Amino acid sequence: EADIYQTPRYLVIGTGKKITLECSQTMGHDKMYWYQQDPGMELHLIHYSYGVNSTEKGDLSSESTVSRIRTEHFPLTLESARPSHTSQYLCASSSRTGGGYTFGSGTRLTVV
Amino acid sequence: QKEVEQNSGPLSVPEGAIASLNCTYSDRVSQSFFWYRQYSGKSPELIMSIYSNGDKEDGRFTAQLNKASQYVSLLIRDSQPSDSATYLCAVNNLNNAGNMLTFGGGTRLMVKP
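Protein chains in written order, with the working numbering: chain A, 1 to 112; chain V, 1001 to 1113.
FYI, nobody ran anything at the bench for these hints, they're computed from the structure. Certain hints may be false.
FRET-style restraints, in silico, Cβ to Cβ [claimed, not checked]:
1. V:Q1031 <-> A:S54: 19 to 29 Å
2. A:S84 <-> V:S1040: 14 to 24 Å
3. V:L1075 <-> A:I13: 23 to 33 Å
4. A:T65 <-> V:G1016: 42 to 52 Å
5. A:N53 <-> V:L1075: 41 to 51 Å
6. V:A1068 <-> A:Y5: 36 to 46 Å
7. V:Q1080 <-> A:N53: 42 to 52 Å
8. A:S95 <-> V:K1056: 33 to 43 Å
9. A:I69 <-> V:G1016: 29 to 39 Å
10. V:K1056 <-> A:S54: 32 to 42 Å
11. A:I13 <-> V:K1112: 36 to 46 Å
The model shown is predicted, which means the values in this text are computed figures rather than measured ones. Yeah, the Cβ is synthetic: ideal placement off N, Cα and C, and Gly gets one too.
Using the sequences and the hints, build the whole thing.
Following this line, the structure appears as structure tokens:
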């Protein structure tokens, strides 16, 4: 079944650790996105990609980085996690022709 | 002014009533409009899309679009407690490269038994 997958679902790590949040989709979508969302708050776009080797920063300043080496894979990396990075991270994708986004289940990150 | 505006709520309706959720947008050239449902702690789920003026019905959900007034709404008939969630309005923004969606802040709906 075509879908979008995020791992891990939950992550608790110590300050200063390097982490990578994984996102993969099997829908053949060209466009992929990372959002950050705190509980009860709105979505904030932090990174997006229109295809392989294309990455852009979003509206919200973020200390994370992304890569897009394969169409289906769009990982997000934090080189040195801080408590201020505690949040839910949502990955989404959409087709080249537009239309709505499909979201993954999200990763809830807690930095202690 | 935000590009996509929604009343944050909470909007409280009794079970069985019609819930009416509203969204206004600022970009006149927007062409695609979406409603997402997000349960607490979960990710957004696409429930309706609408592209032309008028009404679009899908089960208990009806999306209404008025491009002249830059207004899109979602009606939920026979509201159920399971409809309690945050509803996000999203608008295709042609001013952004790649036709990205701009999301509103969401309206929290509470359906009381």
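Hints, one by one, checked against the model:
Checking the proposed 19 to 29 Å range against Q1031 of chain V and S54 of chain A shows it holds: the Cβ atoms sit about 23 Å from each other. Separation of S84 of chain A from S1040 of chain V is about 22 Å and conforms to the stated range, judged on CB atoms against 14 to 24 Å. Hint check: L1075 of chain V to I13 of chain A, Cβ distance near 44 Å, so the stated range 23 to 33 Å is violated. For T65 of chain A and G1016 of chain V, the hinted distance range of 42 to 52 Å is satisfied, since their beta carbons lie about 50 Å from each other.
The beta-carbon spacing between N53 of chain A and L1075 of chain V, approximately 44 Å, falls within the hinted interval of 41 to 51 Å. At about 41 Å, the CB distance of A1068 of chain V to Y5 of chain A agrees with the hint of 36 to 46 Å. For the pair Q1080 of chain V and N53 of chain A, the supplied restraint of 42 to 52 Å holds, since their beta-carbon distance comes to about 46 Å. Checked against the given bound of 33 to 43 Å, the beta carbons of S95 of chain A and K1056 of chain V, roughly 20 Å apart, lie outside it.
Judged by the Cβ atoms, the range 29 to 39 Å given for I69 of chain A and G1016 of chain V is violated: they are separated by roughly 52 Å. A beta carbon spacing of about 33 Å between K1056 of chain V and S54 of chain A agrees with the range 32 to 42 Å that was offered as a hint. Remark: the range hint 36 to 46 Å for I13 of chain A to K1112 of chain V is upheld by a beta-carbon distance near 40 Å.
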